[in-house]
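Visitor: Given only the sequences and the hints, what does the whole structure look like? Please build it.
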Amino acid sequence: MKLYNKHSKKAGLPPGTLVHVGEKHVEQVRIALMDYDEKNVNEKTNVTVEECLPFKSLPTVTWINVSGIHDIRVIEGFGKAFNIHPLVQENIVHAGQRPKMEDMEDYLYIVLKLITPGKNEEVFEMEQVSLIIGANYVISFQEKEGDVFHSIRERIKSGKGRIRKSGSDYLAYTLVDSVVDNYFVVLEGMGEKIEDLQEEVLGNPDPSNLNVIQNTKRQMILLRKSVWPLREAISGLRRSESPLIGDAVGPYLGDIYDHTIQVIETIEMLRDTASSVLDIYLSSLSNKMNEVMKVLTIMASIFIPLTFIAGVYGMNFKFMPELEWKWGYPVVWIVIITVSVLMIIGFRRRKWL
Amino acid sequence: MKLYNKHSKKAGLPPGTLVHVGEKHVEQVRIALMDYDEKNVNEKTNVTVEECLPFKSLPTVTWINVSGIHDIRVIEGFGKAFNIHPLVQENIVHAGQRPKMEDMEDYLYIVLKLITPGKNEEVFEMEQVSLIIGANYVISFQEKEGDVFHSIRERIKSGKGRIRKSGSDYLAYTLVDSVVDNYFVVLEGMGEKIEDLQEEVLGNPDPSNLNVIQNTKRQMILLRKSVWPLREAISGLRRSESPLIGDAVGPYLGDIYDHTIQVIETIEMLRDTASSVLDIYLSSLSNKMNEVMKVLTIMASIFIPLTFIAGVYGMNFKFMPELEWKWGYPVVWIVIITVSVLMIIGFRRRKWL
Amino acid sequence: MKLYNKHSKKAGLPPGTLVHVGEKHVEQVRIALMDYDEKNVNEKTNVTVEECLPFKSLPTVTWINVSGIHDIRVIEGFGKAFNIHPLVQENIVHAGQRPKMEDMEDYLYIVLKLITPGKNEEVFEMEQVSLIIGANYVISFQEKEGDVFHSIRERIKSGKGRIRKSGSDYLAYTLVDSVVDNYFVVLEGMGEKIEDLQEEVLGNPDPSNLNVIQNTKRQMILLRKSVWPLREAISGLRRSESPLIGDAVGPYLGDIYDHTIQVIETIEMLRDTASSVLDIYLSSLSNKMNEVMKVLTIMASIFIPLTFIAGVYGMNFKFMPELEWKWGYPVVWIVIITVSVLMIIGFRRRKWL
Amino acid sequence: MKLYNKHSKKAGLPPGTLVHVGEKHVEQVRIALMDYDEKNVNEKTNVTVEECLPFKSLPTVTWINVSGIHDIRVIEGFGKAFNIHPLVQENIVHAGQRPKMEDMEDYLYIVLKLITPGKNEEVFEMEQVSLIIGANYVISFQEKEGDVFHSIRERIKSGKGRIRKSGSDYLAYTLVDSVVDNYFVVLEGMGEKIEDLQEEVLGNPDPSNLNVIQNTKRQMILLRKSVWPLREAISGLRRSESPLIGDAVGPYLGDIYDHTIQVIETIEMLRDTASSVLDIYLSSLSNKMNEVMKVLTIMASIFIPLTFIAGVYGMNFKFMPELEWKWGYPVVWIVIITVSVLMIIGFRRRKWL
Amino acid sequence: MKLYNKHSKKAGLPPGTLVHVGEKHVEQVRIALMDYDEKNVNEKTNVTVEECLPFKSLPTVTWINVSGIHDIRVIEGFGKAFNIHPLVQENIVHAGQRPKMEDMEDYLYIVLKLITPGKNEEVFEMEQVSLIIGANYVISFQEKEGDVFHSIRERIKSGKGRIRKSGSDYLAYTLVDSVVDNYFVVLEGMGEKIEDLQEEVLGNPDPSNLNVIQNTKRQMILLRKSVWPLREAISGLRRSESPLIGDAVGPYLGDIYDHTIQVIETIEMLRDTASSVLDIYLSSLSNKMNEVMKVLTIMASIFIPLTFIAGVYGMNFKFMPELEWKWGYPVVWIVIITVSVLMIIGFRRRKWL
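Residue numbers (the numbering used here), protein chains in the order written: chain S, 1 to 353; chain D, 1 to 353; chain Y, 1 to 353; chain L, 1 to 353; chain C, 1 to 353.
I should point out that these hints are in silico values taken from the structure, not numbers from a laboratory. Nothing here was measured: the structure is a model prediction, and the numbers come from that model. Incorrect hints may appear among the rest.
If several chains are the same, the list does not tell them apart, and a pair holds so long as it fits within one copy or across any two.
[Said to hold, decoys possible] Taking lysine-lysine pairs in the PhoX-like style, the calculated list, with each CA pair at most 25 Å apart, reads:
hint: 1; residue 1: Lys100; residue 2: Lys144
hint: 2; residue 1: Lys39; residue 2: Lys144
hint: 3; residue 1: Lys165; residue 2: Lys326
hint: 4; residue 1: Lys80; residue 2: Lys100
hint: 5; residue 1: Lys165; residue 2: Lys56
hint: 6; residue 1: Lys326; residue 2: Lys80
hint: 7; residue 1: Lys160; residue 2: Lys80
hint: 8; residue 1: Lys44; residue 2: Lys56
hint: 9; residue 1: Lys165; residue 2: Lys80
hint: 10; residue 1: Lys24; residue 2: Lys119
hint: 11; residue 1: Lys44; residue 2: Lys80
hint: 12; residue 1: Lys119; residue 2: Lys326
Guide: Here it is as structure tokens:
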């Protein structure tokens, strides 16, 4: 997971130039359309930009979902059809945006980062979702085809809840809400991972742990980078005086706002935990070193003096009366055993054994 | 103690769906009702939602306490009877809310976290308390049956203090006040624990201490997470222009506000202390290592040279004049003793002994 | 020195109940009264609440100083006589307040923490001082009898300076000023202590230093906790539009405000210094360890090879030509001396010796 | 790369004195001029100040680019011709300015720091760019001749994009935009470098790494120092009510503003990463030490006891029955082997081997 | 360099009492006077307060410079003559003020800290400079006679620049500007010192470095303490609506404001650098320890096994067949050499050699 997007790719190009930045996640851009009011639902998949156009003027709510942002022509098509500002188009195709909300009068433009649990070793995958919220339509741009919005589609079809009775603002709210909910899924997964790591590090610190810790910290930074501005964006939506956002949606936006704050708090807590795992790791290292040193000191302290005693009676002086004594050898053994026992008692007292 | 609630359980569900999130602490939801004015008190336990309804229109103050939030039908019953917004109902049954105050015009909605000393190894237990403050009624929702509000019940019955002469706003104040007071109880317990730990760590650092330190830090983070927004909520109540909060309650709210600030300061101080205990732990480790090393160095430095001397006269050269000397052996002993005494004096000078 | 006051003592009691919290520092509450204008001074000691009452309506400035706050009846007496709000009375007897200023219209209520140099091992003692500032009277409540306000009493009697020509607001200012001045006295004492500690730690780090460092840090936290809100309180007094504070006192309040900021800066600086003493302590430990290790390494590196050489010629092989040589033994000594000299030169080069 | 510019050079001089501060990067100041409207482009290189003057009053957009700021006379010439305030002139020639935007009514003055990838070991080079934005002209001052603005020149000549249709405000925007884009180029290079370093440090910590880490941190500080005020400057431009900045440029300025925030976030992230590389470095050191200690402990613990055993049977006591036994020697070997095997098993259990 | 001034000296004194706090730097207070307009300059040295008085009412600009603040009577003389508030007088003689600007209507009062490079081991000296800015006069109070304002005096005499054409506000500006410029001189000196230290610490960490690092940090704290409020003071001057500060001085004040921000940034950077030098110091210690340990481990690991081998053949068993072999001794040598070579290869592989 890269810490930054390749902005440098654009250095030197005139502003407003559409350049896809990011990985290409799908081969073919797919456009799905859903048009509904309280009574009817009309769903179409694999439509073209031109097929979307007539729905714009209908009084019903129209949701156009575009999977894949690498095809510049498609985005330009929508840009023309829905009268989207060139800079907004540029932002849609450039996957390195910060989450934000911009009131363009005719429509609101929201950029979000959708977080989904990663597939292989990646902890999570991040995808840019752009929303264009018009008077009676919402266009959502995703980097790849995903089933994140699937349950919303089902809810519309089944007509459960308020969604079919509400306008495009409520639809936009449910889309943002489902994006925010996904943060909780990923964060809970990471929380469990970090707690496991903490256990492991306490018992058996290993240099590889260090890498995992730093990785987690970095991912937290990445997540934080995408949630902090999200909070501002939602707060902007709430306070916005745009006629596109009705009063009834207010409390719901307040609810997502609370959720983003909880996401932020959880991220901060996980960062803190990752830091404390690092502390545990380092002090576990010290502990281990202490233990190694104790073993060395005990072995050396017991045997070096004994070796000295043996060395003394290995000397070849002619006149060494002890060597002649009958009980010399057993006495030396007694001395040796006494010294070692005293040593061991001493170490026991210092709680080294 | 989990660092977060299972928000992910709700991912994909339409907003406004009542889903109980949290552990189920009681089998049966119990509703207790207390209706009073300056002259009379009427107490009922184990009532149903329907039995509560008539009290709503009485001019007396009615306090309905609901223990247990897992029974969706009960909450929905209250929601219907007291005209509570679906999102508020959702918040009541979802135990993972941040403390907050919301002015819903007809009533105020307050979420709090009640902290009680934990039973087994847990340092504290956290429980969500929701308050609905109406014109002449207060409904309190607790996760479990507890005796936290018991003394308030007694005070109402005995008619001591201002409570019987005041309205529902004063009742709400006393409920919040008793929640805040419980923070002090828990924090004082933790403060003593940390101070004991500091003593222990200084004398005898042990890897298990590390776990306790990190645990304490984490609990402080959890507490902080629940008190910071509480402060905002109380500050919101104070500045609120809702007619539901009378002027006479103002100074009392100012008093709780001061208390929450003191709680926050205490938490920060305990976090700081936990951090400094970690510092002490780490430097105690270093100290111990130093001591181990000194023992090793002293033993090795004294005996290795002596062993060398003994080794020299253990050599089997034919022509080693010293070996023939009569006083060779005693002289070697004198050398050995001199060397060791000099060594010991040297170590004394360096204050290693 | 405890990090917090026993708030838990009050959990469950109705608000507005007067409960003395804190240690009881004096046996008998003593009330001293001073009544003055530009011409006359009237001083009385050991008066009762009733004796104070008539002075309230005189146009002269009356200063009532109450030493001891544990006698609930005395405080209640003043409360009744001077019409003090029950919550203010509760704050006066509860020694765990944060410094604050409250405008109660008829009077201003100020809580301060008086810091005096400690007697035994305590670095300082903290005492709560409450001031009730009325139109022409000031009541000061102290926890114990002290001579902090003695010099003010002398100044009033002697008629030096502006005090006799000014009203109760100027009297209140001088009281607060003398409280703030005491912070400097205590902080300078601590500053010298920390600098001594730094010297000591650099030369000879000892685990007991650690305790002193942590203690200092904790005391700084305690002081900071009492000065930060003091600054706000004084700033509140300055900006206050209460008619009780005349314009002429404005610059004087500005002066104390500056002093509180200097107190805060000094506290932060001492905290910083305490932290850096900890850094020095830890690196001194590392330095000592390095030295210990060097001694061990030098001793071992020199004598272990020599012992090996001696060991070789201690072997009992039948055919060891060197043993027969006449110059074998001296040659071995030459080798031994050469090896040690080379070693010593090597260690010198690495600057270990 | 110096952390500061030589401000001291100016101490004692009267303000408004033009003194070139900074290195002299080019020998000869070169002035290039470009004059264009939607239809025509007129480009001149190596012009003099006098030659620029007539273009000031033309309705077309004029861009004057000055490479080299060390020639005081040239700057004074422009100052006179374009009526530039002496302090602004002083800022232009003094390369130690903080980025800022100043509204001088007749013109806007912007100072920027242009970052370009460094040539040799330097990670980047920093150059001060000053812009004077008038009604229909922009004067840009660079410290050295560079090709940073080359692509803009090409865009003007080719007439692509909006630039030829827009005024001097849009030209100024593109200049600032290209400066900001260069930050991304440099930061991406540094990001890759730090990630390589992290790998290296984990495997094989080396004191030289330390230097690189500290260097990176310092460069981040330098960059941050130049970007934070840039953000403020651009924000100032956006909110500016100067008639020199048209409404149409607003969204474009918003876009650069977003970019500066992304630059800041990337810098913070890289600082964080550099810090964590330091953590990894330190714990890698500890790890290595642990390993060294283990080797020593294993070697010493196995062979010191064995040497003792050998020493015992090297003693010369007359009565040592074992020495006479036929199987004495083999038994000793068996003991030696058994002891070593037990030791090795013990170390294996502790996971030291 | 003390971290604080002796405020305690004043505890207990009535406010407004003039007490000189600080060291006495000059024996004799010297007053120099300069009176000028565009045409004439009148300079007088060693004047008395009385001699200054007539200049007050002249329309020309009068600059009175007072060197030495310990003589209370002189300050009181000026206080009376120029109608200076008693608290301002108190501040002038008390050298422990925080920099500030106060609008006293008739005059502005500015306190600054003048930093000059220290003479002996002190890195810098700090001196309090007070300015009284009246309608057509400026009085500057310095703690000691210095040549800091010398160049301004020269500039006035020579009539260069704007100074002779401008009023007392511009004179005050040049005084403040020269004080701020001196910060750069001191900071550049410290910057070079820290960079040298970093080099030294990397190569050869020494406990004395630690002291230098902590000293530098402390000096940075002291400087920061004097610059932060300076920034506020200058910002206050800029925004001040006092008629004493003319519009023409505005951009010049903006310029000093920028300089104070640069001073602050440089201080923060130097603090950061000092911290990173501490990091380098600590890790250099670890590195050295690692090296010491490696030497020990290599020596011990090679020679301890060899000594064991020699010990084995030093045993005195009767039946040790190897001892009888003719090639026993050479074979042992071969074994010894092989073992050492293998060891050395092993250590090479681990990159310890």
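Visitor: Going through the earlier hints one by one, which of them does the structure break, listed in rising order?
Guide: 2, 3, 6, 12
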